[in-house]
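Student: As given, the protein sequences belong to chains A and B, one line each in that order. Everything in the first sequence is counted per the working numbering, starting at 5 for the first residue and increasing by one. Everything in the second sequence is counted per the working numbering, starting at 14 for the first residue and increasing by one.
In short, the hints are calculated from the structure, not lab data. Keep in mind it's a predicted model, so treat the numbers as computed, not measured. Backbone N, C-alpha and C fix where the C-beta goes; we use that ideal spot for every residue, glycine too. Certain hints may be false.
Stated by the list, open to error - Pairs of lysine-lysine, DSBU-like flavour, derived with a Cα cap of 30 Å:
{"#": "1", "chain 1": "B", "residue 1": "Lys243", "chain 2": "A", "residue 2": "Lys276"}
{"#": "2", "chain 1": "A", "residue 1": "Lys37", "chain 2": "A", "residue 2": "Lys143"}
{"#": "3", "chain 1": "B", "residue 1": "Lys255", "chain 2": "A", "residue 2": "Lys291"}
{"#": "4", "chain 1": "B", "residue 1": "Lys288", "chain 2": "A", "residue 2": "Lys341"}
{"#": "5", "chain 1": "A", "residue 1": "Lys143", "chain 2": "A", "residue 2": "Lys48"}
{"#": "6", "chain 1": "B", "residue 1": "Lys288", "chain 2": "A", "residue 2": "Lys276"}
{"#": "7", "chain 1": "B", "residue 1": "Lys392", "chain 2": "A", "residue 2": "Lys226"}
{"#": "8", "chain 1": "B", "residue 1": "Lys65", "chain 2": "B", "residue 2": "Lys134"}
{"#": "9", "chain 1": "A", "residue 1": "Lys22", "chain 2": "A", "residue 2": "Lys37"}
{"#": "10", "chain 1": "B", "residue 1": "Lys128", "chain 2": "B", "residue 2": "Lys159"}
{"#": "11", "chain 1": "B", "residue 1": "Lys288", "chain 2": "A", "residue 2": "Lys344"}
{"#": "12", "chain 1": "B", "residue 1": "Lys392", "chain 2": "A", "residue 2": "Lys344"}
{"#": "13", "chain 1": "A", "residue 1": "Lys234", "chain 2": "B", "residue 2": "Lys255"}
{"#": "14", "chain 1": "B", "residue 1": "Lys40", "chain 2": "A", "residue 2": "Lys276"}
{"#": "15", "chain 1": "B", "residue 1": "Lys392", "chain 2": "A", "residue 2": "Lys316"}
{"#": "16", "chain 1": "A", "residue 1": "Lys341", "chain 2": "B", "residue 2": "Lys134"}
{"#": "17", "chain 1": "A", "residue 1": "Lys341", "chain 2": "B", "residue 2": "Lys357"}
{"#": "18", "chain 1": "B", "residue 1": "Lys159", "chain 2": "A", "residue 2": "Lys341"}
{"#": "19", "chain 1": "A", "residue 1": "Lys47", "chain 2": "A", "residue 2": "Lys37"}
{"#": "20", "chain 1": "B", "residue 1": "Lys392", "chain 2": "A", "residue 2": "Lys291"}
{"#": "21", "chain 1": "B", "residue 1": "Lys392", "chain 2": "A", "residue 2": "Lys276"}
{"#": "22", "chain 1": "B", "residue 1": "Lys159", "chain 2": "A", "residue 2": "Lys234"}
As the list claims (entries may be wrong) - Counterexamples of contact, computed for chain A against chain B with all Cβ distances above 10 Å:
{"#": "23", "residue": "Ile11"}
{"#": "24", "residue": "Lys18"}
{"#": "25", "residue": "Phe20"}
{"#": "26", "residue": "Thr27"}
{"#": "27", "residue": "Phe65"}
{"#": "28", "residue": "Cys66"}
{"#": "29", "residue": "Glu98"}
{"#": "30", "residue": "Asn148"}
{"#": "31", "residue": "Arg173"}
{"#": "32", "residue": "Ser257"}
{"#": "33", "residue": "Ala294"}
{"#": "34", "residue": "Glu328"}
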Amino acid sequence: MNEEIKIFFEIAEKIFSKKIDHTIRINNSYKNKKFLELLNELKKSELTKLLMKEEFGGANFCFADIVPLIKLSAKYGLPLPFSETIIANYILSESNVKPTNDFSTLCYETSNITIVDDKVSGVLRSVPYLNITNFILAKINFNNKDYLIYFENKSGKPNQLKNFLAEPRFDLKIENEDLIYFLDFPSMIDFENLISNIKSIQSVGAMEKILELCINYCSDRKQFGRSLSKFQMIQNHISEIALETAASGASISIFQTHSKNKKSNENFFDLKNTAIAKIRTGLASGKIIASSHQAHGAMGFTKEYELSYFTKNLNSWRNDFGNETYWQNILGEMFIKQNKGMWEFLN
Amino acid sequence: MSEFIFPYVEETNFLKNLRLEVREFVKNIFKKNCITPSPDAWVFGANTDFSKQLGKKGWLGMSFPKKYGGHERSMLERYVVTEELLVSGAPVAAHWIADRQSGSQILRFGTEEQKQDIIPKITSGECYFAIGMSEPDSGSDLASVKTKAEKTSTGWKLNGRKIWSTGAHLAHYMIVLVRTAPQLENNRHSGLSQFLVDLSLPGVTINGIEDMTGQKHFNETIFDGVELKKEALLGKEGEGWKQVVGELALERSGPERFLSHFVLLDNFINEFRSKISDLGQSALGKIISELQTLRVMSFSIASMIETGQSPETQAAFVKELGNAFEKQLVETIRGMSNLIPFNKWSPGLKSLFEDATLRIPSNSLRGGTSEIMKGIISKQLGLR
Chain A
5 MNEEIKIFFE IAEKIFSKKI DHTIRINNSY KNKKFLELLN ELKKSELTKL LMKEEFGGAN
65 FCFADIVPLI KLSAKYGLPL PFSETIIANY ILSESNVKPT NDFSTLCYET SNITIVDDKV
125 SGVLRSVPYL NITNFILAKI NFNNKDYLIY FENKSGKPNQ LKNFLAEPRF DLKIENEDLI
185 YFLDFPSMID FENLISNIKS IQSVGAMEKI LELCINYCSD RKQFGRSLSK FQMIQNHISE
245 IALETAASGA SISIFQTHSK NKKSNENFFD LKNTAIAKIR TGLASGKIIA SSHQAHGAMG
305 FTKEYELSYF TKNLNSWRND FGNETYWQNI LGEMFIKQNK GMWEFLN
Chain B
14 MSEFIFPYVE ETNFLKNLRL EVREFVKNIF KKNCITPSPD AWVFGANTDF SKQLGKKGWL
74 GMSFPKKYGG HERSMLERYV VTEELLVSGA PVAAHWIADR QSGSQILRFG TEEQKQDIIP
134 KITSGECYFA IGMSEPDSGS DLASVKTKAE KTSTGWKLNG RKIWSTGAHL AHYMIVLVRT
194 APQLENNRHS GLSQFLVDLS LPGVTINGIE DMTGQKHFNE TIFDGVELKK EALLGKEGEG
254 WKQVVGELAL ERSGPERFLS HFVLLDNFIN EFRSKISDLG QSALGKIISE LQTLRVMSFS
314 IASMIETGQS PETQAAFVKE LGNAFEKQLV ETIRGMSNLI PFNKWSPGLK SLFEDATLRI
374 PSNSLRGGTS EIMKGIISKQ LGLR
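So that you can see chain B by itself, here it is in the shape it has in the complex (with noise of 0.2 Å):
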């Protein structure tokens, strides 16, 4: 396969009404319990309060079954949702990896018990996720994990570490990619299950690890001799990679590989819209052609998404073009300030170009890193 197409999804009114909706929301709410945005919210913006109102609006779990406490609207709905908060600047991180791929795994894979019992609490917004799959020794090479789950007479027991899972520290409950049989020699996914991990079982330790911008929100998490029920089994036995791979379309191809210091142009033309240079006004151009195209790639992946596709590949596409393109959008503002010096910025434009210089160096690593992405591409081009 050497083409990958991206079909243009057009958006209807009612999609346009929805996002008036929620804009209209996030405005009240931020003036009303005094919010500032913040670029990254996804990830460093966690406020329980926050995502409980959203679930009160419906927005949590959108696409999921009624008789969950879901909603069964469309991914392009949740789509739109998901844009307009990412640009507010919304501090959806507590509820943000459950939403968006935790929940959507228990309904594919989890029991009915499951199900009742977690699904309506993530649509409320009242229970958090974190991600179990990297390692102290797996990071980009995954299928590499050696945390282990054994059988016991009662269920499994859970040895050994995962880190870098983003919010565990807040998190109920962790999906872990574990090892519970050996390597086959000819298939190194074999062998890998998925856990459904409650964080507050005895035997979990979670700890903090400060990241270059002083913050822990990202953790290691150890698992000793953690003792799980048999339905702590998510899927089936020996299906862990191929269950993680279609995990990973969800969590690469959202607006938020592309979305993430929108806040911080919005903050910068604001500010200096009348003092922007010809110079900026050509990087201006630049970024709403690029980002209108990444816009137009994620849309397409949530509509192929929502008619049971499986396009990871796609993902991929998105998470390294729109990678590229925060990064060369941070740069592109310290450029198009050419004409007013650092010290005439706000402080609140300040602060928030000072965050988002010290993250960006995390998107391209998050979710898998351009080289992970480039070789997922590879593999489908058929050159490995």
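So that you can see chain A by itself, here it is in the shape it has in the complex (with noise of 0.2 Å):
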């Protein structure tokens, strides 16, 4: 990390560890006053538009760059379209757009879409953080052809999903919304690989959170007389967490270096190293979840205790984008495709 981003990343940690508390996460609304005090410092300290052009307000980061910042936030459990709104902000800046100060949503899956006199209609599925934030950038396909839109939900009425997510998702019904941008897909973005990256950091983050409860609860929580770290048992649980954690860590690592040697009008991502994150994580999840609540016992199951929020949000974003079978899939017909053998194909 260099200097400049250790620098934000400080004041992250110290915005994060001073203003999440699990009570905030699960009642992220406007009418809580803690949340209210953690969204406002939140836009001060303009964290948001590190990826953003200097011309805007942006420090001109690259992706490389913020990726300690993504798994910070998904570490602390930050109840806020943070990622969704760093991308938003980032997109918008390289079509030469400059982006709100608001907090800004993604949507990706989208149907029925109309845009008449630059008024926009149709149906919005999955949007993340719609009780949070109105303005909404979402890929659509239009005539055949994949554009951005982005726009301001002025009347539409979001319907919360019943899911098993951490994170509250809306389908979204949308009707004649005035439509600030409509850009031409960006070439050197490839959504679904930019996206299924973002899944894979909050994931390492979310992991290294769960590693964390796992050593404090079973180390304060005795049963027959000891603490449940000293079960061998438990110490392979959490050691599995560990180890898995590590190998997802390591598994991002090889994206986000490889994202810094691209040029600008190439896509920030090779399928192949995003296919080999968003498996490698998506393993580690499973297993993650299994252990970490095998360790808590009931307690783990509660809504009230950490656990829950962090084990919902793996579950969550190993399937987003595609889970580990699609993208190993991808990943193996890539290979076979390619007719090269499988060291030279690894090099």
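Each chain sits in its own coordinate frame; assemble them with the hints.
Tutor: And the structure:
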């Protein structure tokens, strides 16, 4: 981490550690005073602008620089569309559009989209954090071409999904909302790649937190007259979590490093490296969820205790944008089609 | 400490070219000498001529000082050479332990005379080592070793037995962990020392032990009143535990912990590429992801060692994840053959598969069991 990004990392850690507690994760609404404090602190910090061009008030960092920051936000269980806003701000800025100062969210699943006289209608699915922001950057297919639209939802009523996710997601029907921007799909962005990588990074953050929770809980709680952490079976569960967390961290470092070497007109990420990380973090997530709940006993199964927030997130992120089987197929097919030996493919 | 980071180290073009050089060399020498690739070749594939050829190329003792016949190349270069040898299934067992860990121990703790005498022979591929750690009653509990060295007027007298020493029947030396003083009550790692033992000395008997594959690659070594000179003490008296732990980082972190059976994978793909089903394709995707991740971790450790760090715990991560991966790899290849009945496999591939299947249980035992690896990790996490 270079010195410049380290400063922002420290700012973020200060805000997250002071302002996030579990109560605001399970009650992240504007009615909650503590939640509002967090929201305002983050807005003031301008952390969501780090990827933006300097002329729009950004810091012009590259994607690799902000990986630790996204991971940190997931580790603290930040209940805000933080990475979504960073990405939206970046895409808008790269397309020479000045983003708003508000948080934004992203939408990847749309249907029946129509645009008439700069007004957009249609259905948006599984949009995160519509309880926090009305600004939406959505990928749409219009006249058989991919576009990005950016608009503020003023009249549509979000319908919160009943699902197993920790972060709130909504379906939304919109009618004649004013388009703020309608963008040709930027050439350097492969949305699926980008967001898949974000999910892998977030997963590693959640894993780090789960490991910490397991160590602390099992060290404090006593059964049969000694700490749970003194039982070898429990130690095995926790070391399994440490092993899988470390491997997942290593897997994201591949696309992180390679994205630095890309020229601005190329896709940031090789599909191969995205797949490697999404598979590895997905596989690790399954093991970590099982082992961490086992180590915690019934306490981990409650909403009141933190663990479930993080394991629900892991469950969500491992399925978003293709689970590990989906990416295994892509990667396996890529290998078979290249008609190279395995070692050549790997090097 | 609850976070273990393996910083990504980029492979330079120089290293990529070194890879190609090794690959070409191995291809030619295999052809010239009719060598067949085999799985687990760093344990089972001893070929002293091949070791000497590697020595001539400068690919043994690569990081050792030039004044002892080494080449002062980086641990990253050594890593690349090691990977290429492993994936080709090259017969590297004779020199493996000397090159991987024993040479480094002598350079760190040996006398000047030992360095001058032994290191050049290691780098030329002519001097081989075995590991003298486990004993019949001390396996995972290494600190409980009973082999003893007692001071005499001329040096030391060694008595005891070591077991599971791979390649001891071919080796010239063994670095032996022994008790030189009783264990202190509050420190069970006290009173241990390492000795550099010439295996040709009177009183040393090496008995091969047949493993479940029917081969005798590991041994029982008996020390019956072996007279050792004072200089045979490697490092400091009583610091054997500390020294041995440092050695284990070299032993556990390398690519042999996840590339031992790559030959089987490669051969399976070459034979059945067009017949691999969608299920098999997905299984390959999983293998690629896990393997590349392990390579990042292991290469990162090579870089840590290069910069003078002591990544013993990180080595346990690679060993544990690598061993689990390899076990799964052999099972996955078995599973991928759902459309290709076993009787359609070529005799060569079938033989590789059978060898791998038989040898795989030893992966998570040698160099420390899975339970010990998890114990090391637990300790670092503050659970013990």
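Student: Does the claim that A:Ile11 lies off the interface hold, with its Cβ farther than 10 Å from every Cβ of chain B?
Tutor: About 20 Å separates A:Ile11 from the closest Cβ of chain B, which puts it past 10 Å; holds.
Student: Does the alpha-carbon distance linking B:Lys255 and A:Lys291 stay inside the 30 Å limit?
Tutor: Not OK: B:Lys255 and A:Lys291 at ~34 Å, beyond 30 Å, violated.
Student: Hint check: A:Lys341 vs B:Lys357, CA-CA at most 30 Å. Holds or violated?
Tutor: holds (24 Å)
Student: Just to be careful, I want the Cα atoms of B:Lys392 and A:Lys276 compared with a cutoff of 30 Å; is the pair within it?
Tutor: violated (36 Å)
Student: Decide, holds or violated, for the assertion that all CB atoms of chain B are farther than 10 Å from the CB of A:Phe20.
Tutor: Given a closest Cβ separation of 16 Å, the condition holds.
Student: Holds or violated: are the alpha carbons of B:Lys392 and A:Lys316 at most 30 Å from each other?
Tutor: holds (29 Å)
Student: Could you let me know if the closest chain B CB is still more than 10 Å away from the CB of A:Ser257?
Tutor: A:Ser257 is in fact no farther than 10 Å from some Cβ atom of chain B, at 4 Å.
Student: A:Lys47 and A:Lys37 were given as a pair; does the straight-line alpha-carbon distance stay at or below 30 Å?
Tutor: Roughly 15 Å between the alpha carbons, so the hint for A:Lys47 and A:Lys37 holds.
Student: Need the status of pair B:Lys243, A:Lys276: alpha-carbon distance at most 30 Å?
Tutor: It is violated: about 57 Å lies between the C-alpha atoms, which goes past 30 Å.
Student: With the threshold set at 30 Å, check whether the alpha-carbon distance from B:Lys65 to B:Lys134 stays at or below it.
Tutor: holds (10 Å)
Student: Hint check: B:Lys392 vs A:Lys291, CA-CA at most 30 Å. Holds or violated?
Tutor: holds (21 Å)
Student: Taking 30 Å as the top limit, are the C-alpha atoms of B:Lys159 and A:Lys234 close enough?
Tutor: holds (28 Å)
When the structure is compared with the earlier hints, violations turn up for hints 1, 2, 3, 12, 16, 18, 21, 32 and 34 and for no others.
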